[in-house]
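**Student:** In case you want the letters, here they are:
Number of protein chains: 2
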Amino acid sequence: MLPLYVIKIGGNVIDNSEALHRFLETFTKLKGHKILVHGGGKVATKLAEDLGIESQLVDGRRITDIETLRVVTMVYGGLISKNITAQLQRYGTNAIGLTGADGNFIKGKKRPVKTIDYGYVGDLDDNSVNAKGISDLLNAGFTPVFAALSHDGEGQLLNTNADTIASALAVGLSSLYQTTLIYCFEKKGVLQDIDDPESLVRDINPERYDELKAAGIIHSGMLPKLDNAFKAIDMGVQAVIIGHADDLRQTNEGGTFGTRLSK
Amino acid sequence: MLPLYVIKIGGNVIDNSEALHRFLETFTKLKGHKILVHGGGKVATKLAEDLGIESQLVDGRRITDIETLRVVTMVYGGLISKNITAQLQRYGTNAIGLTGADGNFIKGKKRPVKTIDYGYVGDLDDNSVNAKGISDLLNAGFTPVFAALSHDGEGQLLNTNADTIASALAVGLSSLYQTTLIYCFEKKGVLQDIDDPESLVRDINPERYDELKAAGIIHSGMLPKLDNAFKAIDMGVQAVIIGHADDLRQTNEGGTFGTRLSK
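Note that the protein sequences, when read in sequence, are chains A and B.
Residue 163 in our numbering sits at position 163 of the first sequence, and the numbers go up by one each step.
With positions in the second sequence counted from 1, the corresponding number in our numbering is that position plus 1000.
By construction, these hints were calculated from the structure, which means they are not laboratory data.
Treat each hint with caution, since some may be false.
[Unchecked claim] Straight-line Cα separation of at most 25 Å, BS3-like style, residue types lysine-lysine; simulated pairs:
hint	chain 1	residue 1	chain 2	residue 2
1	B	1042	A	132
2	A	132	B	1132
3	A	42	A	263
4	B	1046	A	46
5	B	1042	A	46
6	B	1031	B	1187
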């Protein structure tokens, strides 16, 4: 199977024009098939504010009424998607800016209302990703850039967490490619000592993960991220890397970067 | 050569949800390869207004400063593109919402400043369309939906007239497909008597065109549209049809509709 990288960039890259350019240049140099996933929460919040629409977040998830869905469709699916695409073309990556509606690539289900009505928020399941369609696009020489939007197949776009989209893509495509899922965020990776960027934990397998949790080194916000990463690995993803966008270039130089999670 | 339809829908279809749904259903039934092209001027003007950005139009062309470019990228490339795509998926068309930056499909040149600085407005020339790339997408089973945006290949998106994009696509793809260019607008087609919708002129060739101009039947706003249509035909497009979106269904029923321009 051919290797495939699914790389998610966070807001710290998107919101910093220089960091974004550095990243896109490095991304272009990365050999083989690759997919980029992005959100754009801060830009969306700013646009909503400018339009007098109140942004409501619960546990970091945006309550998405119809006005907010318009905003995220414009920001994620238009502004950020198409600017990243234009920049990637400049660097020589044959990018195509997509949402889950395009090519019917990612189908979501509107989150059921329990205590909170999240509105037009989509959840993904094991059958969400159209691996065949995405593979057709990759084989035709295109590099997909996915915004954090899925659709329900009935004409409705759904705001969908970018980490979730990246993970679903990596899992869904692992039947056709040897997939590595990379989360680029603002730290070097999982740190043994949060105040010491040199204390990077380079490799974590499930046993080591249990130890790190027991020792209280991995806690709070990192827990769901790593739980989901190990879930993706259980479902066929070869490895998950969590690290700084600027360090991705080490992959091009034959090295490794960040924290690598694997079996 | 296989037939290809390049169909441009105007604001009267985009701004009317019922008309849009009727159109997208008909578009889905249209057999063979097809490409949809759209703008979204009214929605963009409204968003600009809501954001306190003044919309300046000269001869129907939008002066596009950097703020206005953001607006049209969000509206054409995001909101309208992705909603049309989601709706088309619902009807069964495997649509992908694109700009000219995606796949490097349409390269524009920033309009030179003469008496008026149009800002980030792109003009197209004979080499603007990447026919091979678009054909790869068509052959992979996708139906491209193009927003009225091109890019300069250096990372800059450019606001580009939707009629011009449709025409450039039809001409550019005429080397690979037997292309028909269809402009859907709010009238039945070219009318002999503007007050009588039944007075449709069904066929116009260059000689008839000269007669209709001499008789004053075709004048003002219709002249550049038809001049461009005949230019497209000279450059390889088999026929150009100008008609009402609701009448497109007659094509599916084996009939013709609107005014058909050909050699």
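**Student:** Confirm or reject each hint.
**Tutor:** Going through the hints against the structure:
no.	hint	verdict
1	B:1042 - A:132	violated, 37 Å
2	A:132 - B:1132	holds, 22 Å
3	A:42 - A:263	violated, 35 Å
4	B:1046 - A:46	holds, 18 Å
5	B:1042 - A:46	holds, 23 Å
6	B:1031 - B:1187	holds, 24 Å
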